[in-house]
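J.: Top to bottom, those sequences are chains A and B.
If you use UniProt numbering, the first sequence corresponds to residues 1 to 334, in order.
If you use UniProt numbering, the second sequence corresponds to residues 1 to 334, in order.
To be clear, the hints were calculated from the coordinates, so they are not data collected in a lab.
Copies of the same chain look alike in the list, so a pair counts if it works inside one copy or between any two.
No more than 20 Å apart at the CA atoms, straight line, and that leaves these computed lysine to any residue pairs for SDA-like:
#	residue 1	residue 2
1	Lys2	Gln117
2	Lys160	Glu172
3	Lys274	Met208
4	Lys274	Pro180
5	Lys274	Phe183
6	Lys144	Phe299
7	Lys144	Asp300
8	Lys224	Glu245
9	Lys274	Asn201
10	Lys2	Ile52
11	Lys18	Lys285
12	Lys57	Pro79
13	Lys2	Pro79
14	Lys144	Lys224
15	Lys334	Leu25
16	Lys274	Ala157
17	Lys224	Phe299
18	Lys274	Leu178
19	Lys144	Gln301
20	Lys144	Gln295
21	Lys334	Gly85
22	Lys205	Gln295
23	Lys205	Ala272
24	Lys144	Arg215
25	Lys205	Pro252
26	Lys285	His185
27	Lys224	Glu247
28	Lys274	His185
29	Lys334	Pro26
Number of protein chains: 2
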Amino acid sequence: MKLAIVGATGAVGHELMKVLEGSRLPIDELQLYASPRSAGKQMDFRGETLTIQAMPKGAIPADVILASAGGSISLEMAPKWVEGGSVVIDNSSAFRYDPQVPLVVPEVNGEAALKHQGIIANPNCTTAIAAVAVYPIYQKYGLKRMIVSTYQATSGAGQKGIEELLEQTRAELSGETLAPSAFVHPISFNVIPHIDAFQDNGYTKEEMKVVWETRKIFGDESLKVSCTAVRIPTQRTHAEAITLELERPATPEEVRELLAQAAGVEVRDDVAQKVYPMPLTATGKYDVEVGRIRQSLVFDQGIELFVAGDQLLKGAALNAVQIAEYLHEHGALK
Amino acid sequence: MKLAIVGATGAVGHELMKVLEGSRLPIDELQLYASPRSAGKQMDFRGETLTIQAMPKGAIPADVILASAGGSISLEMAPKWVEGGSVVIDNSSAFRYDPQVPLVVPEVNGEAALKHQGIIANPNCTTAIAAVAVYPIYQKYGLKRMIVSTYQATSGAGQKGIEELLEQTRAELSGETLAPSAFVHPISFNVIPHIDAFQDNGYTKEEMKVVWETRKIFGDESLKVSCTAVRIPTQRTHAEAITLELERPATPEEVRELLAQAAGVEVRDDVAQKVYPMPLTATGKYDVEVGRIRQSLVFDQGIELFVAGDQLLKGAALNAVQIAEYLHEHGALK
Numbered sequence: 001m002k003l004a005i006v007g008a009t010g011a012v013g014h015e016l017m018k019v020l021e022g023s024r025l026p027i028d029e030l031q032l033y034a035s036p037r038s039a040g041k042q043m044d045f046r047g048e049t050l051t052i053q054a055m056p057k058g059a060i061p062a063d064v065i066l067a068s069a070g071g072s073i074s075l076e077m078a079p080k081w082v083e084g085g086s087v088v089i090d091n092s093s094a095f096r097y098d099p100q101v102p103l104v105v106p107e108v109n110g111e112a113a114l115k116h117q118g119i120i121a122n123p124n125c126t127t128a129i130a131a132v133a134v135y136p137i138y139q140k141y142g143l144k145r146m147i148v149s150t151y152q153a154t155s156g157a158g159q160k161g162i163e164e165l166l167e168q169t170r171a172e173l174s175g176e177t178l179a180p181s182a183f184v185h186p187i188s189f190n191v192i193p194h195i196d197a198f199q200d201n202g203y204t205k206e207e208m209k210v211v212w213e214t215r216k217i218f219g220d221e222s223l224k225v226s227c228t229a230v231r232i233p234t235q236r237t238h239a240e241a242i243t244l245e246l247e248r249p250a251t252p253e254e255v256r257e258l259l260a261q262a263a264g265v266e267v268r269d270d271v272a273q274k275v276y277p278m279p280l281t282a283t284g285k286y287d288v289e290v291g292r293i294r295q296s297l298v299f300d301q302g303i304e305l306f307v308a309g310d311q312l313l314k315g316a317a318l319n320a321v322q323i324a325e326y327l328h329e330h331g332a333l334k
Numbered sequence: 001m002k003l004a005i006v007g008a009t010g011a012v013g014h015e016l017m018k019v020l021e022g023s024r025l026p027i028d029e030l031q032l033y034a035s036p037r038s039a040g041k042q043m044d045f046r047g048e049t050l051t052i053q054a055m056p057k058g059a060i061p062a063d064v065i066l067a068s069a070g071g072s073i074s075l076e077m078a079p080k081w082v083e084g085g086s087v088v089i090d091n092s093s094a095f096r097y098d099p100q101v102p103l104v105v106p107e108v109n110g111e112a113a114l115k116h117q118g119i120i121a122n123p124n125c126t127t128a129i130a131a132v133a134v135y136p137i138y139q140k141y142g143l144k145r146m147i148v149s150t151y152q153a154t155s156g157a158g159q160k161g162i163e164e165l166l167e168q169t170r171a172e173l174s175g176e177t178l179a180p181s182a183f184v185h186p187i188s189f190n191v192i193p194h195i196d197a198f199q200d201n202g203y204t205k206e207e208m209k210v211v212w213e214t215r216k217i218f219g220d221e222s223l224k225v226s227c228t229a230v231r232i233p234t235q236r237t238h239a240e241a242i243t244l245e246l247e248r249p250a251t252p253e254e255v256r257e258l259l260a261q262a263a264g265v266e267v268r269d270d271v272a273q274k275v276y277p278m279p280l281t282a283t284g285k286y287d288v289e290v291g292r293i294r295q296s297l298v299f300d301q302g303i304e305l306f307v308a309g310d311q312l313l314k315g316a317a318l319n320a321v322q323i324a325e326y327l328h329e330h331g332a333l334k
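Using the sequences and the hints, build the whole thing.
T.: The following block contains the structure:
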């Protein structure tokens, strides 16, 4: 199989390389594309040195294109790539709400990927991480309401997000200041309840992505979801506090057992041993950590939990590769 | 009036000095007490240099004692101080759940302070900050459910909490590690969903404090409250994402107008101008910042909001001084 990465030098691009390294996909050729100023740079893959190319103006000679170069490039180029015969797995939000485009978390709705018409959308990171933890509960106990508060890492804004956190923190510890650029306010030792653009209803687009995308991935347009999305001074891995009102009663023990069997989930819930999800332990991990599972104090039939997931992996690169693997295993790729 | 601070050298003690500096209390004498190893040290107050004394074994010759030296000292000493004729405003959790002891946020239930029997409890920081923002809404629209996710600063664990954050961050930026001591896991660039001890129901004591204390301060034992309390790598000022289900409908505009009139609250809610509550802007401020006020997407009659409050001020020192001021203004002190 011929595979291409568009946006190979970004934060997600680097993770795509690492995930593909260990993937079970039969990769005959890997092509790397980035902006013209990165062309000529080299990256290692499975013992070979690959040279980054500038993105061509039209089709790319690959069976599968993993696109992670931003929404405007995807919007313009993906239809041309599809026309050239490629399947595009797109990490941007450009096509996520297009009814013709499947939005896929393989553990939840992998079969939707098989109905693609050339483009498959990879969900928002916060949504993907919540979805793997909540979907098994949704399936078994039904879901009336889902309330999410996020603790999102700076690498959600790409490599420049991490760098700004580290440089700004260094400056602050030396009694200096560094003006923000990747974020709208200083992020070092601060909290910013503002990710992506504000919508007319007072929610940010990041918050509405969790609402819209959870509904689309679960295939349930009536699901009630709310979210507060907050940027905090961590480098990597998003955490989320999630309150669920269920249709049918469930005990924390039952939910713990259910999630222990769920794909893509690692239950870390032994509070006596101080074991619960944290960015420190979830970073670099394929599974989403789930813990702090307890009966809700506000709903008669409710569960509260805390999750931590590496948003560059399950929230981006890993999920994209898993979509390609799903297609391959179901004979849907050349 | 003779005033004493017990625990003058701690993080809250320092803030008590600063708040008293500008207080309208007629302070004739300020006595400072701390542990024996701090005795003899000096602190400035209103142009005078005061010497810290070791805490005596019995009564303290003061009309009002502001106690901030931890729960076990309060538990042992407060009854002796009361016997000696002092009114004790206690910042620890030692007496908060004692039905004989009023638990007071002056903007909410100041009149409860007048019924004291010697001891008045100052609430948990997270609770006090939420209470000033939510109580006006509770009063006007009624409250069915309140769901809180916190973003708590390291200074909630005292001076040693801040120092550990700064030193651990410095170490990490130099490629070194510093083992945790103030916290159970490393806090630099991490998130810890564990503050205070775990209870049998899977909630931490910090989370249950928000439940128990909000009910007691609002005088409503049937109120449904749930909380996820999370330590994050900020130095000072707690933030909270709060979802409210109301008894009666309210628009975000109505809530904004209501809170603009509320004591102790600063509405910072102009998202087009990127204005919302943040530790960066709320630190050192007496008012609690409230913003991101919007219709809930999960409740027909619901409001979501985001608050940031300096937990060393409204969450501790300021609230304690405000209780003393309330007593003084109502002729309840010598």
